[in-house]
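Mapping to the UniProt record's numbering: the sequence shown position 97 is 97, numbers consecutive.
Note that these hints are calculated values from the structure, not bench results.
There may be inaccurate statements among the hints.
[As the list claims (entries may be wrong)] Below, simulated DSBU-like cross-link-like pairs (lysine-lysine); rule was C-alpha separation at most 35 Å, straight line:
{"id": "1", "residue 1": "LYS107", "residue 2": "LYS225"}
{"id": "2", "residue 1": "LYS443", "residue 2": "LYS100"}
{"id": "3", "residue 1": "LYS100", "residue 2": "LYS262"}
Computed from a predicted model, the values in this text were never measured in an experiment.
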Amino acid sequence: MRLANGSGALFWKEVWIEDAAVIERFPRLFLLEIKKDCQKVSTKNYFFKTVISLCLFNFTLSLQLSHILFLLLQRKPSTEKNDGCPYGNPTRFPFSIFFKDARSALKMDELGVEIAKIALPAALALTADPIASLVDTAFIGQIGATELAAVGVSIAVFNQVSRIAIFPLVSITTSFVAEEDAIMNSSHQMQGPTTNSENKKLLELQNIKLESLDEESIITSYEKKRIPSASSAIIIGVVLGFLQTVFLITASKPILGIMGIKSDSPMLYPAQQYLKLRSLGAPAVLLSLAMQGVFRGFKDTKTPLYATVAGDVTNIILDPIFIFVFGLGVSGAAIAHVISQYLISIILFWRLIEKIDIVPPNSKHLQFGRFLKNGFLLLMRVTAVTFCVTLAASMAARQGSTTMAAFQVCLQVWLATSLLADGLAVAGQAIIASAFAKMDYEKVTATASRVLQLGVVLGVGLAILLGFGLHFGARLFTKEAGVLHLISIGIPFVAGTQPINALAFVFDGVNFGASDFAYAAYSMVLVAIISIISLFVASSHGFIGLWVALTLYMSMRAFAGFWRIGTGTGPWCFLKGIT
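Please model the complete structure; the sequences and the hints are all you need to start from.
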């Protein structure tokens, strides 16, 4: 039986028919068993019993997946032509990509070194800002509890508004710049013995849909490159930054009101003051992140790291000076942060103009159409992601302050560890986008396999670290017995889902590298709809129910990426045995 022409459904039925009843019952029985344990056993016994239950669950699931993969690998790939796929001549079944050279996952060969050079600085840069924010918060906390609470709300507003623009802008810029840089390099490598017409033929075969990109727009001088998407990203970043500044300054009071700060609240004045001053740095924030996307596209994550560290250190130095020495209080903290953001932008801009010509020959070389089209898709995605997490937090808040406190601690740890996986995602995205542009499908396959395998290794390592570290370190966050008890209940979920989380984030980078933004957006919306329903259903089970729903949410995110690549659809159709 072939896996073609709609026979996939019959295949899955054959594979799962014997164990369908067990698999269907197991998650429900697992949830009921945990809930029963929670009511009957001590915290210590519960922790270890739940870890064992999770291991059994993963073991059972692994057996089923192994059974599927065994049957898949016994089947011959389809040799039927598929005119819908313009790519090459692979000979392996799509699922085999996940096991390609698995024994070499940790090998520091040429590909391993390339991934490490991109992933490690990217991960460090991503963790620098949260660390600086913690120091910032510590200084503000010395002013007073009211000011700390007010600034906390203002920072949440600023970050949420920024996130809507930042994620699409950085992700799209990274892929587009990597593609155009690869096309340009291929063009120059073909100069000399080959003709100009051959170069154009190569660009056509590469199937890069750059509607307004012509040969002139990627020609460079001996010193500088000309990358149309880089120029477009910088302009878009500045425009979005100014729009964000105007929006936050003019609408600060009603926005803070929506966040729960009433007009007679003592938090209103410091919150509004901080938000307005902080919004003046929005153009610098958006511009610097657009330029970070450009550098990522060039596979250079060291420059953004150095700039970010320089800015954050400046912020930490200026905070006590402006807050305490000059007596500016909350305003001083905002001013220090704004100065640091402009410093980061200046450093990145200075380094960027040394590498590329940021001024395009004329407006037709800009890529606004591509950015807007794909930006809207990723805007849908980031909205869906944000809504799921925000809904879970709001449901935890409705269950009381104790539940909310425990949920917040678990959630922050759960999300913070994703920054390490994001480093792998950035590396995968940059390398894969470049390889796709060059039609180097062997490197696409090797890179996707390697970063996904490294994601599993990272996830398992984080699971072990958090499983034991958070169990003994929970008292660093709180001393209340009720909160500590709930945190101990959440630890198996926070730790046990780390491999799933790491895979989900790495799959994002891999699919973004393939410029598969439409699938990423639509699949995330579908995942969000199912997750929202599961949150409403599972919330009746209390704290445990929320974490079961969030586990389902991340599992579906990972499965969406797995399905796209594993079935060889979309840009991954070259993985099928198509002639």
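Hints that the structure is at odds with (numbers, increasing): 3
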